[in-house]
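Asks: Spelled out, the chains give:
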Amino acid sequence: MKNIIIAKPGMTPKKIIKNIRALKGVAFTSTGMRDAGQSDFKNRIRSYDLLSLAPLYNEMGLFSAECHGGARWHVGVMNRKESPFEEIDLLRVAMPNVLTQTLIRETNLWGYRPYAKNIIEYVVNRVDIDVWRCFSFLNDIRNMRTVAECVMKRGRLFEPAVSFTQSNWATDKYYLGVVKDIVDLSGGVDEIVLCIKDMAGVGSPKRIYELVDTIKQKYPDLVLQYHRHATDGLALPAMLAAAQAGCKIVDVQEDSLTRFFGQAPILAAHAYFEESGIPVNLNRSLAEASSQKARKWIGEYDWAESPFKGFDHEVVTHRMPGGAFPSSFEQAENGGFLHLMPSILKVMSLYNRIVRYMDVTPGSQITWVTCSGIVNLYDKERGSIGVEHVIELLNKLVEEKDRKFNLMDKEEQEELLLLFRNAPGDFKNLLLGAYGLLPVGWPDDWVYESAFGDEWKKKKKERKKQSPLDALKNEDLKKLRKELAEKLGDEPTDEDFILYLMHPKDALNMLEFREKYGETPLLLPTKVWREGLKTPGDNVAFEHWGKPYCIELVSIGDKHEGLIHVVLRVNNKTRVITVETPDAKKSEIRMASLSNEVGAPINGTAWRIGNPARGVLKVGDIVHKGEEVANLEAMKMENAINAPFEGQIAEVCFGLNDTVKEGQLLYVLEKVNERNTPIAEPHP
Amino acid sequence: MKNKKIEKVLIANRGVPAVRIIHTCKDLGIPTTAVYSSPDRLASHVLMADSAVHIGEAPPIQSYLNMEKIIDAAKTSGSNAIHPGWGFLAENPDFAQKVIDAGLIWIGPTPDVIRVMGDKIQAKKLALKANVPTIPGLSDVKNVKEIRKWMKDDHVGFPIMIKAASGGGGKGMVKVEKSEELEQAFEQTRSEGIKSFGDGQLLVEKYIEKGRHIEVQVVADTHGNVIHLYERECTLQRRNQKIIEEAPSPSLNEDIRNEICFTANRLMREIGYTSAGTVEFLFDSATSKYFFLEVNTRLQVEHGVTELITGLDIVSIMIDIAQGKPLSFDKAAIHPNRWALEVRLNAEDPKNFSPSFGTINRMRLEPGPAVRVAQSVYEGAEVPPYYDSLMMLIMSTGRDRDHAIQAMDRTLSRNVRIEGVKTLAPLLLSIIRHKSFRSGDFSTRFIEEHMDELISTFRDRNSEDEVLKIAQYVAEISALGTQEWM
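Protein chains in written order, with numbering that gives the first Met the number 0: chain R, 0 to 683; chain D, 0 to 485.
Extracted from the complex, chain D is given alone in its bound form (with noise of 0.2 angstroms):
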């Protein structure tokens, strides 16, 4: 890729992923420019852009995937490059070609490598020839039928996995208990595939209990400099969604450590990866085996708690080659030193996760020390019900896992308060006290099998919530007058 200064940036994307990304292009001194859809006129990331554009409806395909209007955007606020952020079009291989058709750089890996990965079936061919373990499984399903024969003949036993070939961040993945759920699941992880990501090719494979989610965040540049950034731990997940992120992993010892974090950077050399990127691994504690999951082609949720540890902004890095410059350090200097932790505060009930959208009536957020906060909402916005549930990154940092739960626990008990929608605050709280969590113990399964658990240390009652209790009993009583039960 030949050398080419990126001028201004468009950031193909909302919430989150926007701000964070316009943060980086403001340290570099590159002006943005931010697209929204009707309900995001006021959003945060519009507002902090130096321009924006609108483009289009509220539905997604309307406004956030629809390339046309985007690479429109980019050509009429005269920006020469597109972020995709994460979600959305960032693992769109037709996006990010026409991206580089348009004459535009893309800030991402190159079209050919998403698109091989974003197929799982393929991906996971890849993964085999490049002699890294997968999950035993059946590619490219037609139906429910060819599964029950895979597994009578394989002896696979429920639970399975069904995922669409091109799902991804926990979308068209449908976990499968019994026999007689198939064909539903079957039909909902298509359905999911379609509309999410416009293919319904499916796969299947034997669930791995107790798994522990590990990815590795490696950064390659167009030099061939390929540099891995250590692991992160993601196990923490509902609905196959992650919502607690650290690094290093509590789980790994150095060895293994060493053994997966080389296997990512193996892979990622040999399909010719570029720009930032994850190789992510089910690990299995009991046998302490890795296997393959997927290649996340762009920047993830999770990348802040590798940029906590390493001091590295990847971000920056991924812009830095894009403008085709080498890496400018080696893997020698990367000295993590520290542990950081990450918990996603989605808008939605902390009991049954059931999104809560409206008004951010009131938000209050006093970090203090070693504590980094990524967020989409201000008081007085809005939580569209259109969109992900992802409003707030809280991450923490210590010397060691314990402070970093320390001032994560801080923050989350008093340092942050939101009214207006529900978060999952309470949850998130209850989950980095809890026994295991502390000691490390838990697998992809904890918040399911704890659930009941963790409700029940909910802290029902603050000093705040109490006070504006009375508020309203002395807004009714000073507009309503003495009432009749008095």
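Next up, chain R with everything else stripped away, as it sits in the complex (with noise of 0.2 angstroms):
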């Protein structure tokens, strides 16, 4: 089948949604700019090779690209020190047909707190995105509501995802009632497309079939869209069902991308949908084209793949969810513990049943950093008896005695009473209500107990029952941007600054970085950006603002004193760049910072310490605000450095004729002790 285009950047909502609706078939949304790269390769996947698939991309006849959000936007700024900004204003140019969409957390957005409504509406209204996939860990749709309000009055697609999970509460009816608050709180069927989110890949095909159908014969006008990690191994035939059931847009990805936790191949997929009769909206051979674009770089992220290799139909019942794979085995690696990662995915699989919740972003780090604590904590008291032991502990509880915690010995009770007492934060405000409301009701009393102690009946009943929404005050936004100008030195622009209302740290070391790297992270090839060059004439040649430019490596000199002269011909002109190792000595110069620290306005010599009517200054010497208290020379002309209010010399930190830095530390002075007297005045 041809492509159509069935949707454009600026096209209107209600435009796209009929376009689908008139649509024979299915249309993909590809996720290899996004998740494909999140499920597998730890979201490392550069700009600068996924914006080779661009091309290919505008002319594929995809109802969109996956390009945006998730963690993708938090990795981008930390690791591979990328603004989601530019990414998208890069997209932009490169595949001008494409909708792009994001993955966005409906209080959370792409940052890890729930944010005050102020934010979410400052941040929304300013990301140039087309589709916004929204979703709720707890499916509390009430959360959704000022992402959907900014979105659909802007005239971008909102697209409300469901999260999905199979278990025994997640029935039919339950769904339903999420979609009808869906279906409200979108003013009806006519200006979104609802996603079925099944994170984890757990959706077997009948069960897939089920839902879809029951949600189609209540709205059949509803356009639906199933997302679908390929985890458990039955990604494809759960996609074929959903499709026959009416769904009309399935998550793809390159065959060349794909491994084991993210999405099914799209070659694949195209294939085994038009065999079973149902048409696809794709232009093959550029889908072909793409995935062998895609195999050309993906060899250079073998080192971000998983640890755990293969699909993993266990995660029916631990639920980890594909986005979520890479990143926690490397966490598991990194502490050491990867040995006890199928304990741990054990213990997922019963805690999930005592706390019910969606296992997706914020719930699945939740899940995951609970679960992984407990289990850390008995391996470290009681080896691996212990672990097996709290195993036993808890299928007892879930698997034997149906969750009803009475029916526990006495021993086994004051056990679980502690097993949540040393769980994170995040954990006990998800018991209080903090994120909303839990999508089948609270947990029993004793995980109060065990996570509060003596207090759990007085946390219980602080349980909010709000929306974050409407429990969290306006933030203001005039004093976080002075902090961020504070911190930088500089007036942010817009972007600085959501990137710093997301993740303040990593964002301020990203715009620390590109001060100093300027846009390497944009520029050089994947290879060069992991290793450097690594061979006399070695080279890497790039554009920069439309002019070319070549970098080539001519030698390495051997580390002296902790150094490195590198020898490089930057566009034929040879440069000695020096780089300092970890071991290079640090004659670092103190610089003044705090308020009672005098430090030097002007590069220049030190050439009186004190001032004439008095004198050298020395330590416990009072001077008074305004007093000289020394003079610099620069290029012959005098500056008096005086003191900034009363004080007591702590410390003098430079001595006569020093040549002193601007900013450096000339002294540090102390309030003035008032038992300290007599006061000594200076002599006139």
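Treat the hints as calculated values from the structure; they're not laboratory data. Small disclaimer: the values here were computed from a predicted structure and weren't measured. Even glycine gets a Cβ: it sits at the ideal position worked out from N, Cα and C. Keep in mind that the hints are not guaranteed to be accurate.
[Claimed, not checked] Simulated coverage check for chain D against chain R, where a stretch passes if three residues somewhere in it have a Cβ under 8 angstroms from a Cβ of chain R:
1. 186-192
2. 351-357
3. 467-474
4. 477-483
[Unchecked claim] To be clear about the criterion: a stretch of chain R counts as covered by chain D if any three or more of its residues have a C-beta under 8 angstroms from a C-beta of chain D, and this derived list gives those stretches:
5. 510-522
6. 527-537
7. 552-566
8. 596-609
Each of the two chains sits in its own frame; use the hints to bring them together as a complex.
Replies: The following block contains the structure:
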């Protein structure tokens, strides 16, 4: 089947929905630019490589390209040193026909805390994305209100997602309730796509068929999209089942990017659907080209793949979402507890029947941190026997006693009452309703007692029923922005500010990195980005602001006193660049930073300590506000340095005739100790 | 003065002035001797001269202000003339006298004229005598009390200027805004006067708000010919030091121009001036009044703009005069026919004028049409912390002011690149692009009044810098390998 442009940036949501309804068969969303990388390559796939797919996407007939959001934002800022804003700008140019799609948490957005309404509005109104896939890990649709309002008001397509899991409590009736909330929130079915978000890849083909069919029967005009991870190995049949039941859009990715935890391969999906009589709106030859293109560079990311290989049908019990696989295993590896992973996954499968919510961010993190914490604690205190013991304990509670705490032995009860005592703050906040209502009710009282100890009754009483949207007070954006400006030493852009709102520390690090290394993350090929140039004569060529550049390695010197001299030819000009190794001796100059520290206002020679009236100043002397405490000479001009306030000299940090740098610490002053009477007056 | 032939010139200076003078000497076929302090061993002027003599350590007092060493250097190097350039000993009458006493030719005005004009108090008296308007003030101030009394008696309010009687070049000059600052300013001026000029005598003057700084270039031979080469406008200053100069002045009309130039000529004739010199005025554009400031008895930094509009070589004229030759042209032969602009590319942080010293790692200079450059640095050179921050003068010309600015804009924004030290280039560019500068509407306080605005228009990124950041990254990863944070 030929591709038809069914959606383009600038089209109204109504028109897009009309086109999809009229479409015979299905359309694809490619997650090659986001979820594929998140689920199998720790989100390390760089814009540099992904951009090579964009011209192909532009004509491929996709419904959309998911290229933004989820954890890609944070990892971009933290590890790839790319800003999601510049990535979208580049993609817009390279694929102007394609709807860009993000994945956003309803109140946490792309960060890790619930944001106040005014921050959500500020952020959502300033991010240039066409399709907003928004989910709540609690399916608490109330929480989506602000995002929905902003997106719909901007004329962009809102795609609310039902977080899906397969469980005895996650019934059709339950989901219909969630869908109703969504339809009510969105003012009907004509301007939204509804997503079933199977983030762990647990929906069996039969279950998915039933669910789609049930929803379609109730809302025949609702356009459905099935987002499914491949973890259980059953993605393709489940997707086909969804399409057969009336789902119009499914998520796929390049065959060459497919491993175990992301989406199904696009070419296989295309062939399978077409053979089953469901036409796909896709230019197959471009999809083939895209898959080949990705194959050329995906080898550069072998190192980023999860150490846990292969499909894992047990995901239907532990429910770790595909997007969390690589990062969880990475943490386990770094933390030295990779060997405990099978036990942690087992504990997760029991835990999620005690505290019931959807395992997706931030819920999946809460699950992960809580469960890995419990297993690690038992391992540390009692070794592998302890780990086995806690699994048995939970198994008995959940399986044998059907979660009935009072049926457990006295001793077991006591142990359970300590199980969550060291659980992370987010787990406790979840119990207190800080994220919203839990999908099928609060956990049993013993969980509260286990988490909060003696205070549990009081805590339980404080449990909120409100949505965090209503519970959180608006924040002072001006103040936050000023705080950032102070840290940057410069006026931030709106984009810098949003990066900062999402991840304060990492955003600052990235801005600092970019100040130092410019557009490096966007311009260097991945091999050079990771390894540099290896052999003399190796070079890297790129365009910068429309002009060609070439950097060639001439030589790398030996380490000497912690320094390595690297000789490069930059556009034919030889440059020697000094690189500090971690063991470089740091002759660090102390800089004045605190309010009681007096720094040099300029570079110069400190030719006088003190002033002519009083002579040389020393530790213990009391200086008066405005009194000259030193004089710097620079290029034959004198510069008096005056005491900023009345104080006692605690430290003199320079010597006579020292050459001092701008900002260098000269004096540390202390408030005059009142017991230190009599206060010495300066000699007249 | 009797006619005497210069065989070889010793330039008692360093940096841009030394280089400038060596250029003309080369044009004239006169060999040159450079002098240098220890840190200047490989400086530009040393490499350019025909011979060079080491005269001492870094502190100026041991080297470039060391009269005996310099005169010895002239003798040992076979130089029979000394040009002092500007700064250092250029306006030191004792030095001029010693040079003459040693039987050498002094390329500059007579020691007597230097002495009289070097004393601001005396100079003011002479100006008054010659009927040249001067700024109300108090001479030979001994203490702060006197200043306060004068202010009270003559109804003078703050701000006021305290000047070292022997100061110049922006040094030994402090503006006082408030009464509380008076004591410290007084001490500072005195100290700077003693340190830089060996003299703590002070005078105080009323501060002319919104004043403009106009100066007239004069050349006078030993045969009684005194000719002015028109004015220069040097209003744009920071910390009382000029950073942009131009000729002609955009603030004068023909009548005032002629009047000021004529007044300057008259004063120089009356004091018996010889060689090249400048009469400085403060011009109050609101009232069209002008006041005598001082006579600079030397070649000035900004002489180049006058050379560009007149086609003359002032250093060459000074050499001719020193040899007793009469001026080879008369007033009628001077036809300024273009606009010229000069900027001082100092090695300073453009945001706060903090001196920036270090190694010039890279330097690229492509002047292009209508641009003249005088530089004292080269790629690999050191900018030492001991001396003036001036390292390059860039001049541009055009048939009118706009065209001269255009050529300067091109040079500053694209054709000069210096790595290793900070330069004033971003600030200079912001100034010449500023609306008020373009319209000619500015005063000596323009920079302090507009600093934040000027800084805000600095272009913070250029492609070459950005690519170097990438090179830095490539170097680091090539040397250190894959990093943890990736």
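Asks: Would you mind marking each hint as holding or not holding in the structure?
Replies: Going through the hints against the structure:
With a cut-off of 8 angstroms between beta carbons, the region 186-192 of chain D has 4 residues touching chain R; three or more are needed, and the interface restraint holds. With 6 residues having a Cβ less than 8 angstroms from any Cβ of chain R, the region 351-357 of chain D passes the three-residue criterion, so the hint holds. A stretch counts as covered by a chain when three or more of its residues have a beta carbon under 8 angstroms from one of that chain; for the region 467-474 of chain D and chain R the count is 8, and the coverage holds. Remark: the region 477-483 of chain D is confirmed as covered by chain R, as 5 of its residues place a Cβ nearer than 8 angstroms to a Cβ of that chain, reaching the required three.
Counting residues of the region 510-522 of chain R whose beta-carbon sits less than 8 angstroms from any beta-carbon of chain D gives 6, enough to reach three: the coverage restraint holds. Note: the region 527-537 of chain R has 7 residues with beta-carbon separation from chain D under 8 angstroms; the three-residue rule is met and the coverage holds. With 4 residues having a beta carbon nearer than 8 angstroms to a beta carbon of chain D, the region 552-566 of chain R meets the requirement of three or more and the stated coverage holds. Here the region 596-609 of chain R counts 5 residues with a CB under 8 angstroms from a CB of chain D, which clears the bar of 3, and the coverage holds.
When held up to the earlier numbered hints, the structure conflicts with none and fits them all.
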